[in-house]
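Chemist: The chain contents come next:
Number of protein chains: 2
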Amino acid sequence: MKGFRTNQMIAVDWKPNKQDKTPIYRQIVKYISEKIAAGDWPIGSRLPSQRDMAQTFGVNRSTVVSAMEELISYGILESDFGGGTRVASNTWSIRMSQPPDWNKHISNGHFRANLSTIQTINKKEFEPGYIRIGTGELAPELYPGKLVSRIFGRMPEKIPNLGYLGPLGLPELGQALSAWLKERQGIEAKPSNIMVASGSLQGLQLISVCMLKKGSRVYTEAPSYVKSLQIFQSAGMRLSGVPLDDEGITYWNMKEADSDSLLYTIPSFHNPTGTVMSEVRRREVMQFCQGLRMPILEDDAYGQLWFDENPPKSLKARDKTGSVIYMGTISKTMAPGLRIGWVVGPEAVVYRLGDVKMQTDYGASSVSQWMMTELLTSGDYDIYLETLRRELKARRDNALTALSQYFKGIATWNKPSGGFYIWLRLHCKVSMDKVFADALKAGILLNPGNMYDYGENHAIRLSYAYADPEDLRRALKILADIIEKHQKR
Amino acid sequence: MKGFRTNQMIAVDWKPNKQDKTPIYRQIVKYISEKIAAGDWPIGSRLPSQRDMAQTFGVNRSTVVSAMEELISYGILESDFGGGTRVASNTWSIRMSQPPDWNKHISNGHFRANLSTIQTINKKEFEPGYIRIGTGELAPELYPGKLVSRIFGRMPEKIPNLGYLGPLGLPELGQALSAWLKERQGIEAKPSNIMVASGSLQGLQLISVCMLKKGSRVYTEAPSYVKSLQIFQSAGMRLSGVPLDDEGITYWNMKEADSDSLLYTIPSFHNPTGTVMSEVRRREVMQFCQGLRMPILEDDAYGQLWFDENPPKSLKARDKTGSVIYMGTISKTMAPGLRIGWVVGPEAVVYRLGDVKMQTDYGASSVSQWMMTELLTSGDYDIYLETLRRELKARRDNALTALSQYFKGIATWNKPSGGFYIWLRLHCKVSMDKVFADALKAGILLNPGNMYDYGENHAIRLSYAYADPEDLRRALKILADIIEKHQKR
Numbered sequence: 001m002k003g004f005r006t007n008q009m010i011a012v013d014w015k016p017n018k019q020d021k022t023p024i025y026r027q028i029v030k031y032i033s034e035k036i037a038a039g040d041w042p043i044g045s046r047l048p049s050q051r052d053m054a055q056t057f058g059v060n061r062s063t064v065v066s067a068m069e070e071l072i073s074y075g076i077l078e079s080d081f082g083g084g085t086r087v088a089s090n091t092w093s094i095r096m097s098q099p100p101d102w103n104k105h106i107s108n109g110h111f112r113a114n115l116s117t118i119q120t121i122n123k124k125e126f127e128p129g130y131i132r133i134g135t136g137e138l139a140p141e142l143y144p145g146k147l148v149s150r151i152f153g154r155m156p157e158k159i160p161n162l163g164y165l166g167p168l169g170l171p172e173l174g175q176a177l178s179a180w181l182k183e184r185q186g187i188e189a190k191p192s193n194i195m196v197a198s199g200s201l202q203g204l205q206l207i208s209v210c211m212l213k214k215g216s217r218v219y220t221e222a223p224s225y226v227k228s229l230q231i232f233q234s235a236g237m238r239l240s241g242v243p244l245d246d247e248g249i250t251y252w253n254m255k256e257a258d259s260d261s262l263l264y265t266i267p268s269f270h271n272p273t274g275t276v277m278s279e280v281r282r283r284e285v286m287q288f289c290q291g292l293r294m295p296i297l298e299d300d301a302y303g304q305l306w307f308d309e310n311p312p313k314s315l316k317a318r319d320k321t322g323s324v325i326y327m328g329t330i331s332k333t334m335a336p337g338l339r340i341g342w343v344v345g346p347e348a349v350v351y352r353l354g355d356v357k358m359q360t361d362y363g364a365s366s367v368s369q370w371m372m373t374e375l376l377t378s379g380d381y382d383i384y385l386e387t388l389r390r391e392l393k394a395r396r397d398n399a400l401t402a403l404s405q406y407f408k409g410i411a412t413w414n415k416p417s418g419g420f421y422i423w424l425r426l427h428c429k430v431s432m433d434k435v436f437a438d439a440l441k442a443g444i445l446l447n448p449g450n451m452y453d454y455g456e457n458h459a460i461r462l463s464y465a466y467a468d469p470e471d472l473r474r475a476l477k478i479l480a481d482i483i484e485k486h487q488k489r
Numbered sequence: 001m002k003g004f005r006t007n008q009m010i011a012v013d014w015k016p017n018k019q020d021k022t023p024i025y026r027q028i029v030k031y032i033s034e035k036i037a038a039g040d041w042p043i044g045s046r047l048p049s050q051r052d053m054a055q056t057f058g059v060n061r062s063t064v065v066s067a068m069e070e071l072i073s074y075g076i077l078e079s080d081f082g083g084g085t086r087v088a089s090n091t092w093s094i095r096m097s098q099p100p101d102w103n104k105h106i107s108n109g110h111f112r113a114n115l116s117t118i119q120t121i122n123k124k125e126f127e128p129g130y131i132r133i134g135t136g137e138l139a140p141e142l143y144p145g146k147l148v149s150r151i152f153g154r155m156p157e158k159i160p161n162l163g164y165l166g167p168l169g170l171p172e173l174g175q176a177l178s179a180w181l182k183e184r185q186g187i188e189a190k191p192s193n194i195m196v197a198s199g200s201l202q203g204l205q206l207i208s209v210c211m212l213k214k215g216s217r218v219y220t221e222a223p224s225y226v227k228s229l230q231i232f233q234s235a236g237m238r239l240s241g242v243p244l245d246d247e248g249i250t251y252w253n254m255k256e257a258d259s260d261s262l263l264y265t266i267p268s269f270h271n272p273t274g275t276v277m278s279e280v281r282r283r284e285v286m287q288f289c290q291g292l293r294m295p296i297l298e299d300d301a302y303g304q305l306w307f308d309e310n311p312p313k314s315l316k317a318r319d320k321t322g323s324v325i326y327m328g329t330i331s332k333t334m335a336p337g338l339r340i341g342w343v344v345g346p347e348a349v350v351y352r353l354g355d356v357k358m359q360t361d362y363g364a365s366s367v368s369q370w371m372m373t374e375l376l377t378s379g380d381y382d383i384y385l386e387t388l389r390r391e392l393k394a395r396r397d398n399a400l401t402a403l404s405q406y407f408k409g410i411a412t413w414n415k416p417s418g419g420f421y422i423w424l425r426l427h428c429k430v431s432m433d434k435v436f437a438d439a440l441k442a443g444i445l446l447n448p449g450n451m452y453d454y455g456e457n458h459a460i461r462l463s464y465a466y467a468d469p470e471d472l473r474r475a476l477k478i479l480a481d482i483i484e485k486h487q488k489r
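Residue numbers (my numbering), protein chains in the order written: chain A, 1 to 489; chain B, 1 to 489.
Chain A with its partners taken away, still in its complex shape (with noise of 0.2 Å):
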């Protein structure tokens, strides 16, 4: 019967170990898959009932509910239309009920974010109806669909092939960008200094494969960008957080700093706290730095989304030494989906990550890069900036006014002068589990603070950059209900 479907009953007859210290209904999974993979339960063929099988198994009904539904999500299994299970699979995804390494590292991590509370919010994002006020990106409706046009009007002309590209990508965007990067921040970088990345989150995956050893330091803001920490755990850094205050990153509390050790941080416009770091800090940070021949990566996805003015000088612009390697990015000033990032630093450091880019993807696509191109060389992106530096300004005020209107004496807050987010430190301790769960069930979906930090905080990431205006402000008011519900049991 191997290979074929069949409505063969599965007979059991086997019991769980009580006296191991693996949980009963995980040695029932391993059992199951065992038998699957061996091949003793072929495909298609029907398990005994969750009654029976918890009768046969000697346990409760709800444990063997729990093993039926992991073996359904891999795979392994699935529901009959009679409300039965049937075996689903067998080959690859037995492989999968043993979690890759990948994973492993990532939920055995140091920070204590939820990690169901992150599934959560990446599978409601994709879901339509919520009110997303902590969504990093910007809104659909700022997506300016007739520049875009435009520079599509203009590709034929421009593109002679789409054909494989050389490890530092289009040289044409390399001359664009390091004529942008010197006329728009100060930042001297020849085109062999920089590398197109496929978003500037490949950029520092790339970074952490190439040139970060296993076991060495990384240290970041407290709080910081989850993704970015996801990343380095998964290439088996050791983080530690930096608490910042008012002009950014104490760095004076990075106390085991030596050359083996690397600084992660995002000087403007900070994720999540919006925090930019002063003048006064940039230099203590970059000596420092140098002073231990530590090296820095600068992460500056938000530093165009000024309001009123530049932020100060980025530290690759004050860097003499190649000590720093920095991150650019159009995926929160315009366009996630083009996947565009670049990753500046000395030239034989892009040129190895260059390499082991070409060894994974063979490069960003080449359209991608010939739009960016195509952006900054015509000054469109730079006219572009202007008016969305209007426009999110206009959104900040609007979440600063509901805020000022709905969480006097539950909460403070900052006001950012760029980027994308307000930092909301309740003044209680409420439990933020059940804040983020009423909230989903009002139709709120939010990014609590905990996902993003070393320790517990009871702190909420707004974003003014995705909701609608309006939406965003009901959405704080009903919050703040929801909240002082919590702070008053």
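Simulated from the structure, these hints should not be mistaken for lab results. Hints should not be assumed to be uniformly reliable.
[Stated by the list, open to error] Simulated DEER-style distance windows between Cβ atoms:
#1 B/Q175 - A/P171: 28 to 38 Å
#2 B/E256 - A/R154: 29 to 39 Å
#3 A/R154 - B/K255: 25 to 35 Å
#4 A/Q405 - B/K227: 35 to 45 Å
#5 B/G153 - A/R283: 43 to 53 Å
#6 A/R283 - B/S73: 46 to 56 Å
#7 B/Q175 - A/L440: 51 to 61 Å
#8 B/K408 - A/R150: 50 to 60 Å
Positions of the beta carbon are idealized from the N, C-alpha and C atoms, including for glycine.
Keeping the supplied structure of chain A fixed, place chain B upon it in accordance with the hints.
Modeler: Frame of chain A, contents of chain B only:
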């Protein structure tokens, strides 16, 4: 003086240990790296002359030169205008003097490829002036500029925004692929069985990371596609080469195959030999692998490029038990620069792959995905493929004519019925390194067969897809002369 350019001349008082097993030049590299890392030798300071260092170290000058060259290639040292050497960098670059595991895996691998040949090829492919008779890409003149312009023209009305996409990619593309795979290839796959990747190389990378156990055995055709082999090796798999006959892989030679192993195969227009797995062999391979519950990775990069008739149905089209993961791409048929590939497999598997993809680069370019969708749904892609098939067939005929003119008595070769490749087997054993070098001098870049193999061979992978047909004929004439010259020696 820390961190600033200086004219300080460095004093050296150290000698390598000649008893040590470490090569002398490596000891010198290590010594200099450490001095710079420690900050003892500041950036900008000048090293003593090579002659002086050779004297101090008590070694040949050529040993010092090797060490200097390595450090210059890392960006740690740089050449001076005056002919001397300076300290160039000290933070990131130092880390690279310990090559990352990644590359170690690749260079320490089983297969005998001459790594410097591969590096030469990778480099020369971006230099003009060579006739590239082995390049596995479509010629730039085959780029369908007008078609792409038309697609660009339709994009503005098709693309609603360029936001982030979910783990499987653009839903519209999933639907288009599902329909196209069914109609053109008889593969039954729901959109939920399809993950869009940034090229099929990335698909392979994700599968290696997520689905395969370290140390597990991967069977491949011998010879096989070199980049796939590298990915498996980097992920810590053990590779086993299985010989090909005229009908495809001789599966009965997979002696230790079991459910922990994996078969990676290119059944249609195999790279590099051009072989098509026969109908009978396909059935046997499926039966053999399913009997062992051994999963199959089917790479179908060339399947659409048949000349007179479709190759036998893909393995995936025969797969009733979810044991085949199938990979397709547009890179070989039209536009590698789009970076679009697709992975087809059981739902749970593609979700896991998509999940990990989100953690690395957040998905493929959505512009590329929209363009691919439009190519498929408009039917323009199928029409284009018909033209391309005719063109490639004419190029194949041109290559075969040249071969019968110049290579009779020197080599044997196959007559491919699709794809890009002719596998040219030389009758006599000649040094492939010397043939490669002489051809390079004559302006011809070729891909020696041993790049693709587990052991020595005396073959050359010819591609009729890239070089201009007249250039190819000319190059083959010159190559025949070079080989004859070496055979006579």
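Chemist: For every hint, state whether the structure bears it out.
Modeler: Verification of the supplied hints:
1. B/Q175 - A/P171: 28 to 38 Å: holds (36 Å)
2. B/E256 - A/R154: 29 to 39 Å: violated (57 Å)
3. A/R154 - B/K255: 25 to 35 Å: The hint (25 to 35 Å, Cβ to Cβ) is violated, given that A/R154 and B/K255 are roughly 58 Å apart.
4. A/Q405 - B/K227: 35 to 45 Å: violated (59 Å)
5. B/G153 - A/R283: 43 to 53 Å: holds (51 Å)
6. A/R283 - B/S73: 46 to 56 Å: Roughly 33 Å apart at Cβ, these two residues miss the hinted range, so it is violated.
7. B/Q175 - A/L440: 51 to 61 Å: violated (30 Å)
8. B/K408 - A/R150: 50 to 60 Å: Given range 50 to 60 Å: holds, Cβ gap about 58 Å.
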